[in-house]
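Novice: What follows is the residue order along each chain.
Number of protein chains: 4
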Amino acid sequence: MASINVSLQVIPRVPGDDVYPVVDQVIDLIRGSGVKYEVGPMETTMEGELGQLLELVKKAQEVCVAAGATRVISIVKIDYRPEGVTIDEKVGKYRK
Amino acid sequence: MASINVSLQVIPRVPGDDVYPVVDQVIDLIRGSGVKYEVGPMETTMEGELGQLLELVKKAQEVCVAAGATRVISIVKIDYRPEGVTIDEKVGKYRK
Amino acid sequence: MASINVSLQVIPRVPGDDVYPVVDQVIDLIRGSGVKYEVGPMETTMEGELGQLLELVKKAQEVCVAAGATRVISIVKIDYRPEGVTIDEKVGKYRK
Amino acid sequence: MASINVSLQVIPRVPGDDVYPVVDQVIDLIRGSGVKYEVGPMETTMEGELGQLLELVKKAQEVCVAAGATRVISIVKIDYRPEGVTIDEKVGKYRK
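Just so you know, the sequences run in chain order B, A, P and H. The numbering used here puts the first residue of the first sequence at 1, with every later residue one more than the last. The numbering used here puts the first residue of the second sequence at 1, with every later residue one more than the last. The numbering used here puts the first residue of the third sequence at 1, with every later residue one more than the last. The numbering used here puts the first residue of the fourth sequence at 1, with every later residue one more than the last.
If you are wondering where the hints come from, they were derived from the structure by calculation, not from laboratory data. Hints may contain errors.
Pairs count within a copy or across copies, as identical chains cannot be separated in the list.
[Unchecked claim] Pairs of lysine to any residue, SDA-like flavour, derived with a Cα cap of 20 Å: (1) K90 <-> E55; (2) K93 <-> D18; (3) K90 <-> P21; (4) K36 <-> A67; (5) K58 <-> G92; (6) K36 <-> R95; (7) K90 <-> Q25.
Isolated chain B, as found in the complex (with noise of 0.2 Å):
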């Protein structure tokens, strides 16, 4: 299958007021799973199968809660293509 770009923003509800590093959390689990991606100030974006990256957004949530998140709201987007789309053909010309 072609590869896709899930973008995704975890926003989970800790005890105290740091979100950082349940954020990073999340930004660990995207960068061992070896998929390319791309940080951003308000959300990560990833490039793969569109099955594979769903199974890391879900694989998110628990590990908000495994760091202490008591609650997640997580905003996804999806930019789907048959045919496939790649974070370079949209970000390549503003990184040069």
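Model the placement of chains A, P and H on the given structure of chain B, informed by the hints.
Specialist: Chains A, P and H in isolation, oriented as in the chain B frame:
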């Protein structure tokens, strides 16, 4: 596993200008799945097990393409709590 | 100017675990504004002039902070067409 | 007022299949405004005063229509804290 909420907005690119027939087929997919759901002006919210709902999100992409879309952007929101989340706890009092 | 649709989801960070009282105050703000609106499980959709609705989105941030939030993440969706967009064209047939 | 972050994704409906020229004009609008910004694969994140950034979001709708869009769906994320939010606090460590 506890039921949680997932909202799905599909934004299909179709030849011509009318996206509603494609969106209707996604709502048909959700209705046919048997999960509890509520259609809103910008998204449909589902209640069920996370893996099952993400599987519907995945199938929705294929439904859009089968209905003529050449590309689909989807906005997915997940409201996750280990002990569960319900549509009713959020809108119940506004529906009386 | 034609009326269009804007959906707003506020995700306030509050001491303690209950965000619903803060969300309720945002819905009160919208109700008090006189615009047409519909409360959904993950967002409230408004119908009105774009500038007016974005002004409500801006005020919603201050309402959350006044209600005790230390930080607010908001997800806003705009459905814009020069000739206007209505809630009814999107959900009318699902409400009969 | 403190600077905060607003991310903007525009999804224009255009005759033909290529949305990137329209998206580029929105990025040109943001660049021309003088606010700090960062282009990502699914959204552009801006840093500035909330009112100013929402004004850019509003103008972006008109830019899309002037560039040929017949309809525009926009996804806007606001990260608001009375004392301010920066892009750097969120991605700084991932850019070294």
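Novice: It remains to establish, for every hint, whether it holds in the given structure.
Specialist: Taking the hints in turn, this is what the structure says about them:
1. K90 <-> E55: Neither. Shortest intra-copy (24 Å) and inter-copy (24 Å) distances fail the 20 Å Cα cut-off.
2. K93 <-> D18: Close across copies (16 Å), not inside one copy (35 Å); limit 20 Å.
3. K90 <-> P21: Classified as between: cross-chain Cα gap 11 Å, same-chain 29 Å, threshold 20 Å.
4. K36 <-> A67: neither (24 Å within a copy, 30 Å between copies)
5. K58 <-> G92: neither (29 Å within a copy, 26 Å between copies)
6. K36 <-> R95: Both: 16 Å inside a chain and 16 Å across chains, each within 20 Å.
7. K90 <-> Q25: Close across copies (14 Å), not inside one copy (26 Å); limit 20 Å.
In the structure shown, a violation is registered for the earlier hints numbered 1, 4, 5, in ascending order.
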